[in-house]
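There are 2 protein chains.
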Amino acid sequence: MKIKLSAIPTTAPEDASKKDYKKKTEKLVTRLGELQNIMYAEGKYSMLVILQGMDGSGKDGAVRNVFHTCTIAGLDLVSFKKPTEEEFAHDFLWRVHKWVPQKGMTTIFNRSHYEDILIQRVHNWIDMDRVKKRMAAINAFEELIQFDNNTLIFKFYMHISEEEQGIQLQQRLDDPAKFWKHNDGDWEERKLWNKYIDAYEYAINESTTPWHICPVDNRWYRDYFIAKTIVDKLETLNMKLPQPAK
Amino acid sequence: MKIKLSAIPTTAPEDASKKDYKKKTEKLVTRLGELQNIMYAEGKYSMLVILQGMDGSGKDGAVRNVFHTCTIAGLDLVSFKKPTEEEFAHDFLWRVHKWVPQKGMTTIFNRSHYEDILIQRVHNWIDMDRVKKRMAAINAFEELIQFDNNTLIFKFYMHISEEEQGIQLQQRLDDPAKFWKHNDGDWEERKLWNKYIDAYEYAINESTTPWHICPVDNRWYRDYFIAKTIVDKLETLNMKLPQPAK
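Sequence lines, in order, name chains A and B.
The opening position of the first sequence corresponds to residue 1 in my numbering, with each subsequent residue numbered one higher.
The opening position of the second sequence corresponds to residue 247 in my numbering, with each subsequent residue numbered one higher.
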């Protein structure tokens, strides 16, 4: 069944109490650090966390709040910006494949290969034929790292409302601590909101590896949602610290 | 239609004269150097040449004899050996994707990602389920670099007879200049000849990007075959030296 983003809330469930969820999140984040450390030591699985969402949807904050308990030795954060000249001279997955986690590692992608069918599509830099081919290539690529390297993939669509984005972008103008994040371009991209939503819905619906739609209007619920999704999966793996090397 | 390697000659056509073909090859190799230089300067296309074949099938000699006229600045040779520890900790295409040509470049793979469904299959290090998944991943990967980066792929199966391989391996023992290439392991692998042929036939028949079956028992014909295949294709591209940068 195809998902429709407008039918999915961008806010926490009505009955959720912020105080309770903050406590739950604290426990989950502690547990995430323990599990990620075991994953690193065991070297059997690896984990790729992909954060995709509009400007102001809280990707940076999620990285800070959810992963700070992780072993740094086993953690990589890769932020994908505008491709370099060398990256542009290769297929769009070249720069991404380079950074996939090796066994034991946890890698967070802040933005990802999906930009190549999002921003590039919204601005008509590529046509739909190329979007479709790239989507098929993405599916094959994500399947590859799962079946051939035990990589767990967690893809989060950071689901923000148009109203909340306006508030977030305005805060960057008003708050001196956030002003460095302000970018006139973000307000230009905001004008293309509906086109972005269409492009995201396509990417989410055509992916063979499923997405998690993360409501982010309440930042405390965002953190809970991400931590809970990852911890629940990792608990099923029955990972163990290895014996010391002889 | 599926190919059967035993039905394809490993030798030059009967009416081919070595002297005539050596002359033809000389012209083709000169032309290859010109075309590859234009490709490099133009920076629009790129070219990946994959040489796969049994031990002693003349991969190194083909590199020397066919590509020596190429602009070194635009040429990379990558020889894939046993994966390193870091490579083993990633999916099998990770180390290969890293080396695909950027626009303008010519890259030769001496052995390739196909080893991961050849030697690994023949020795039962992986099961058929993984072979099939890897084959699908290879097809998606080869399609990706073609549609998304204008990469021309030339895959040559270096088709040698079992008898000729025996002669080549023996020469490594007898000729002091070739002795450094001798490896006891090659004689062990030779015992698995039929299993290798089966694995090659599978790879060739399941590839969506077609292979060229290159008869190599006569080394002069091998050189002609490779040069002719590549030059004929490059001539169709209508590549041009660019205007100088302003």
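Derived from the structure by calculation, the hints contain no laboratory data.
Honestly, I wouldn't trust all of these hints.
Claimed, not checked - Listed next, the in silico BS3-like pairs over lysine-lysine satisfying Cα-Cα at most 27 Å (straight line):
no., chain 1, residue 1, chain 2, residue 2
1, B, Lys-344, A, Lys-44
2, A, Lys-103, A, Lys-27
3, A, Lys-82, B, Lys-492
4, B, Lys-479, B, Lys-273
5, B, Lys-273, A, Lys-82
6, A, Lys-233, B, Lys-492
Outcome of the hint check:
Note on Lys-344 (chain B) and Lys-44 (chain A): the hinted pairing holds, with a Cα-Cα distance of about 23 Å set against a maximum of 27 Å. As the CA atoms of Lys-103 (chain A) and Lys-27 (chain A) are separated by approximately 26 Å, the hinted pair is consistent with the 27 Å bound. Taking the CA atoms of Lys-82 (chain A) and Lys-492 (chain B), the gap is near 25 Å; set against the 27 Å cutoff, the hint holds. At most 27 Å may separate the alpha-carbon atoms for a hinted pair to count; Lys-479 (chain B) and Lys-273 (chain B) meet this at roughly 16 Å.
Among the hinted pairs, Lys-273 (chain B) with Lys-82 (chain A) is inconsistent with the structure: their alpha-carbon atoms are about 44 Å apart, more than 27 Å. A hinted pair counts as satisfied when its Cα atoms are at most 27 Å apart, and Lys-233 (chain A) with Lys-492 (chain B) does not qualify at roughly 56 Å.
Of the numbered hints given earlier, the model fails hints 5 and 6; all others are met.
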